[in-house]
Structure formats: C-alpha cells, structure tokens
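Novice: Hey, can you work out the whole structure from these sequences and the hints?
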Amino acid sequence: MSQSTSRPNIDVVSLVEDVSLRRVGQYTLVVLFLGFFLVPLQTGIMTALKTNEAVARSLPFAPPAGQGFTLSNLEFAFDRLSTAFINSLLMAIPATIINVLLASMAAFGLTMVRWRGQLALLSLFLVGVFVPYQAVLVPLARFWNNIFPLGRMLEPTFAAVPLLQGHHSQLVPLVITHVAYGIPICTILFRSYYKGLPNSLVEAAKIDGASITKIYRRIVLPISKPMFGVVFIYQFTQIYNEFLFSFTLITSANNPAAPVTLILPAIGTSTSGIDFGIRMSAAFLAALPTIILYVAFAEQFAKGLRTESG
Amino acid sequence: MATQPTNDPEMPDEEPVGWRTKLRYFLNSDFVRSSPYWGIPFLLMAVAVYGGIGYNLAISFTDYAGLSQPTFESFDLEMYRTAVGNEAFRRAAFNNFVLLVAFTSVSLGLGLFLAVLLDHGIRFKEKIQTAYLLPMALSFVVTAQLWLWMYNQENGVLTVIIEGLGFESINWLGNPDFALAAVIFALVWQFSGYAMVVYLAGLQSIPSDQFEAARVDGASTFRTYVSIIIPQLKESSVSAAVVLMVFALKAFTFLYALVGQYRPPNGTDILATLMVRQAFKFGKWAYGAAIATMLLLLALGVIAPYLYYQYRQGSL
Chain F
1 MSQSTSRPNI DVVSLVEDVS LRRVGQYTLV VLFLGFFLVP LQTGIMTALK
51 TNEAVARSLP FAPPAGQGFT LSNLEFAFDR LSTAFINSLL MAIPATIINV
101 LLASMAAFGL TMVRWRGQLA LLSLFLVGVF VPYQAVLVPL ARFWNNIFPL
151 GRMLEPTFAA VPLLQGHHSQ LVPLVITHVA YGIPICTILF RSYYKGLPNS
201 LVEAAKIDGA SITKIYRRIV LPISKPMFGV VFIYQFTQIY NEFLFSFTLI
251 TSANNPAAPV TLILPAIGTS TSGIDFGIRM SAAFLAALPT IILYVAFAEQ
301 FAKGLRTESG
Chain R
311 MATQPTNDPE MPDEEPVGWR TKLRYFLNSD FVRSSPYWGI PFLLMAVAVY
361 GGIGYNLAIS FTDYAGLSQP TFESFDLEMY RTAVGNEAFR RAAFNNFVLL
411 VAFTSVSLGL GLFLAVLLDH GIRFKEKIQT AYLLPMALSF VVTAQLWLWM
461 YNQENGVLTV IIEGLGFESI NWLGNPDFAL AAVIFALVWQ FSGYAMVVYL
511 AGLQSIPSDQ FEAARVDGAS TFRTYVSIII PQLKESSVSA AVVLMVFALK
561 AFTFLYALVG QYRPPNGTDI LATLMVRQAF KFGKWAYGAA IATMLLLLAL
611 GVIAPYLYYQ YRQGSL
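In order, the protein sequences belong to chains F and R. The opening residue of the first sequence carries number 1 in our numbering; numbering runs sequentially from there. The opening residue of the second sequence carries number 311 in our numbering; numbering runs sequentially from there.
By construction, these hints were calculated from the structure, which means they are not laboratory data. Virtual Cβ for every residue (Gly too), placed ideally from N, Cα, C. Incorrect hints may have been included.
[Claimed, not checked] From the structure, some residues in chain F lie toward chain R, with a derived Cβ separation under 7 Å:
| no. | residue |
| --- | --- |
| 1 | G25 |
| 2 | Q42 |
| 3 | F108 |
| 4 | G109 |
| 5 | W115 |
| 6 | A180 |
| 7 | F243 |
| 8 | A253 |
| 9 | T261 |
| 10 | A287 |
| 11 | L288 |
| 12 | P289 |
[Unchecked claim] Pulled from the structure, derived: some chain R residues nowhere near chain F, Cβ distances all over 10 Å:
| no. | residue |
| --- | --- |
| 13 | F382 |
| 14 | E397 |
| 15 | V411 |
| 16 | L424 |
| 17 | E436 |
| 18 | F450 |
| 19 | G476 |
| 20 | N481 |
| 21 | G484 |
| 22 | A524 |
| 23 | A529 |
| 24 | I538 |
Specialist: Below, the structure is given as structure tokens:
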C-alpha cells in the first residue's frame with residue numbers, strides 16, 4: 001500500500017530503528033511523567049465540576065457523568081473570589097509596571113555604564129534576590145501599621161476616586177512592598193540581558209557624544225523590548241501568586257482588600273470539613289490568570305527561568 | 311560656600327581650579343551620571359531589604375512582645391538562647407534541613423532525568439516541556455489545595471490508587487511519620503520542571519559531536535551520559551540547586567495553606583512556619599525576629615558560597 005502512494009520512498013531502515021525498543025521505552029516514560037505532572041490539575045478540574053455526591057461516589061480523576069455534573073461550585077467560587085480578583089489585579093498590575101521600569105533603569109545604570117565599585121553594589125542586589133521574606137516581616141508589619149500607616153492615610157482619597165473603594169487604599173503599601181522586594185530579581189534579569197548585548201553598541205554612541213539618557217532612550221529601551229515582556233510576565237506571575245506580604249499587611253481573608261491568594265484557603269471550609277467541589281473550583285479559578293499567561297507565553301517563561309539561574 | 315575662590319584675585323590658580331576641576335570631573339563621571347538610573351531603585355531596595363533586616367535584627371535583641379514600642383533597654387541574646395534551648399525550634403530547624411536536602415536532591419535528580427529523557431529525538435519536545443513546567447506557574451496556595459485533594463484520605467487520587475492495589479490507605483498529611491515526605495513530594499512535583507529546564511539549557515550547550523565521538527568509540531548512550539555529558543553539567547547543577555534551595559526556604563506558604571492557619575503543622579513545622587506563628591499569632595515579635603534571623607543565616611549559608619563561586623568564575 002505504501003508503495004502506491006505519491007510519497008517518496010520512506011527510509012525503512014531508519015523507521016525501524018526509530019521504533020526500536022528504547023524509543024518505545026522513552027515515549028512511555030514521557031507519557032507517564034505527563035501524567036505525573038498533569039493528574040493533580042486534572043483531578044482538581046474534574047472535582048470542581050462535580051456535585052458533592054459525585055465527588056464522594058466517583059473516582060477522583062473520572063469526569064463528571066450525567067447527574068453528577070454541576071457548574072454551581074464554579075459559580076459559588078467565582079462569587080466569593082470576584083472582589084479578590086479585582087484586588088489582586090489592582091495590586092499586581094501597577095506593582096509589576098513600576099517594578100519593570102525601575103529594574104530596567106537600574107540594570108542599565110549598573111551594566112551599560114562602567115564605574116568602580118559597581119560590582120559591590122550589584123552584589124547587594126543579588127543577595128536581595130535570595131533573602132527569605134520572614135527576615136523582614138516583623139519590620140514590615142511595624143512599618144506599615146505603626147510607623148507609617150499609608151493605607152489608612154489614603155483611605156479618604158481613595159473613597160473619593162470613581163471606581164475605587166476606600167479599602168483599596170490598603171493595597172498601596174502592598175504595591176510599594178512588592179516593588180521594593182521585586183527590584184533585585186528584576187534587575188538581575190535585565191542585567192543578564194544587557195550583559196549579553198554587544199559592548200560596541202554603547203561605546204559607539206558614546207564616542208558620537210550621546211548622553212547617558214539618550215543612550216538609554218534611543219538604544220537600550222528599543223532593543224530591550226523582548227526582555228520587558230519576559231520580566232513583566234515573570235514578575236506579574238510572582239506578585240499575583242504571592243501570599244506572605246498580603247498575609248502580613250492585609251492579615252485576614254475577611255478584609256475587603258484581601259487578594260485571591262489570601263482568600264483561597266478560606267473558601268469551602270465548614271465545620272464538617274472541606275468542600276472539595278468548591279475548593280477545587282476556587283483553586284482553578286485563582287490559578288486561571290497565571291495558567292493562561294503561562295500557556296500563551298511558555299517560551300518566554302522558560303527563558304525567564306533560565307536567565308534567573310544565571 | 312562662604313569663601314568663593316573665584317572672587318579672590320590673590321589665590322594661586324592651581325588650587326581652586328584643581329578643586330573645581332576635580333568636582334566637575336566627579337560630576338561628569340559615569341558614577342554620578344548613571345546614578346539617576348540606579349539610584350532610586352537602589353535606595354528603595356536597600357531600605358526595604360537591608361533596612362528591614364537591620365530592624366529585624368535590632369528587634370530580635372529586645373523582648374518586644376506586642377503593643378507599643380520595642381524597648382532597647384534589655385539588649386541581649388535572650389531570644390536566641392530561648393530558641394536554641396527549645397525543643398520545637400530544634401525540631402523545626404531539623405525539618406528545615408531535611409526539607410532542604412531531600413527536596414533539592416530529589417528535584418535535581420528528577421530534573422536531570424527528565425532533561426536527558428527529552429534531550430534526544432522526542433517529538434513535541436517543546437509542548438512536553440511546557441506541560442512538565444506548568445506546576446511552576448501556579449501559586450503555592452493553589453498547589454497546596456491540589457495536593458490536599460490528592461492526599462485526601464476519603465477519596466483522593468493516591469488513596470484510590472493505593473486501595474485499588476489492595477493496600478490500606480494512609481493519612482498522608484495527618485500522620486507525622488509521612489507528612490514531611492508528603493510535603494517534599496508535592497514540592498518536587500511543583501519544581502522539578504525547573505531543574506529540567508536548567509539542565510536542558512546545559513545539555514544544549516554541549517556540542518553534539520561529543521555524542522558522535524562516543525558512539526564511534528562504541529560507548530552506549532547510558533555510558534556516554536554518565537562519563538562524558540553529565541560531568542559537564544556541573545554549573546547547571548550548582549545554579550539549579552541554589553534556586554531550588556531558595557524555593558525550599560520559601561516553602562512557608564505551601565505549608566501554611568496545606569496544613570492550615572496558625573496551628574503547628576503536624577510534624578512539618580519549619581523555621582518559617584514557627585516564626586510566623588510565634589510573631590503573628592502569639593505576638594512574640596522579638597522571638598519571631600530571632601528565628602527569622604537564624605533562617606536568614608541559613609539562607610546566606612547557602613548563597614554566599616554560590617555568589618563567591620560565581621565571582622571567582624568571573625560570571626557575576
């Protein structure tokens with residue numbers, strides 16, 4: 001049959017080699033690990049779509065069948081999460097934008113122009129990437145609550161702005177905190193990119209008498225567009241997913257300014273235990289923005305990770 | 311400011327000109343001219359990170375516990391002594407160490423295995439890599455919910471599989487003997503894809519003619535990897551290990567969301583969870599600050615050698 005088709009003769013030898021035992025083993029393992037990485041997500045989604053009875057009766061990874069299918073868990077979870085979504089976005093978007101801009105400038109100042117002591121300063125940024133946040137939580141709580149209660153100070157202003165609520169002012173300290181602690185990693189990401197650019201680019205402009213500002217605006221900014229994308233996606237994911245700072249500054253899931261990550265562990269809990277239909281619905285909804293970003297920009301995400309590792 | 315050298319005709323030329331030239335030279339130096347770029351981010355970062363660490367350290371030397379101001383009269387190491395003498399602290403430090411070592415080594419091993427698995431002639435390699443890395447895009451809070459369900463003793467996936475094989479199901483998270491292992495397993499699930507990406511990048515930088523040469527010499531694929539390829543991945547291993555250890559030190563959120571709220575996690579207490587509980591639940595701010603300082607020292611113990619290594623390599 002294969003002889004009669006119009007396709008040029010297939011290299012039978014290499015085809016047989018390709019279907020060798022080792023190949024089969026290799027693909028079997030690949031598929032097994034696909035299961036390993038995807039089953040927790042799959043069972044979560046399936047559970048989110050089942051009625052309580054179906055959750056108790058059916059296999060956890062089996063799709064909901066017939067009467068067992070329901071969207072009410074998702075609706076309930078979305079209801080509980082909707083204001084938190086707005087809070088998360090109001091926190092993550094401004095924080096990411098400011099973060100990326102400041103980090104690009106810092107990386108430029110520390111890489112494209114050379115001066116003595118630069119490496120020492122840069123090391124301070126680098127150590128900042130790895131500092132566990134627990135080491136600053138007590139000062140953070142004291143600073144924003146007792147010493148400089150910016151959130152409370154801004155409350156009347158925020159209440160007067162259309163589309164914003166008074167409690168949204170509590171997100172301002174959170175945004176500043178995220179920016180400050182995001183600067184080290186974003187700067188390092190940008191720096192690894194700038195370091196890879198040809199040195200002659202800046203040198204030539206310098207000889208032509210271009211000022212530092214001009215070099216940044218005319219040369220560096222335009223060519224670092226792809227890196228802006230990478231860092232933005234990376235940092236948005238980080239801030240959206242972050243829990244510890246929200247926990248420290250917003251404290252309670254009952255606070256109207258609570259972001260998604262703070263609310264999630266409190267959803268679907270009752271005296272009789274956890275309602276997994278609701279909990280999985282909420283987890284899936286909470287993860288949706290970053291999953292969409294990740295799937296759409298998988299290549300950039302992987303690139304960002306590779307750069308982070310130096 | 312008071313004496314303006316230019317107004318004095320008697321002054322010798324060199325002195326003031328030298329001073330002004332020096333100033334002008336300094337103001338024109340790349341250090342000053344680039345400072346508007348790195349200055350603000352640096353200040354913000356320095357105050358937040360290093361100011362925060364310093365303030366935390368200062369509080370850890372007091373006995374500040376809630377309300378009003380920390381008083382710096384009782385300035386001593388009392389909190390550190392209390393911590394080291396405390397059984398719960400030692401247990402948490404031990405768990406931290408186990409978590410760090412087990413999680414990092416298993417993730418590295420699995421990551422290397424996955425990278426080698428995907429490195430040669432796999433179709434849809436990019437798509438598969440994306441799927442393996444997907445858990446990393448999720449927040450700790452979300453993955454904790456997923457694994458809460460995976461480990462659920464009534465109808466979770468693991469329970470169903472184990473009972474399907476005819477064994478008795480295990481209360482993974484409720485049993486102190488298994489809880490830490492269960493936590494490590496879930497964290498490996500979330501982050502081994504990261505090690506894989508780093509190793510894949512490392513593998514790609516190794517020229518393929520090394521495989522050819524080994525094949526000509528009659529070496530098996532396994533042999534080629536073990537003797538020739540893997541030894542060249544040292545740098546990938548080091549950088550992946552450091553980042554993984556940092557993830558492990560940040561596992562607080564995962565544990566908090568997994569075993570819940572402030573109550574001591576069942577056999578899985580680590581320094582971070584202990585610190586937050588002591589500081590934020592019991593208001594023992596100074597004690598929490600002392601634990602946090604020791605956690606920071608642990609982190610620095612991991613990264614300082616790494617940074618020094620990078621510095622020596624000239625790749626900083």
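Novice: Which constraints among the numbered hints does this structure fail? Numbers only, ascending.
Specialist: 1, 2, 8, 11, 12, 16, 17 and 18
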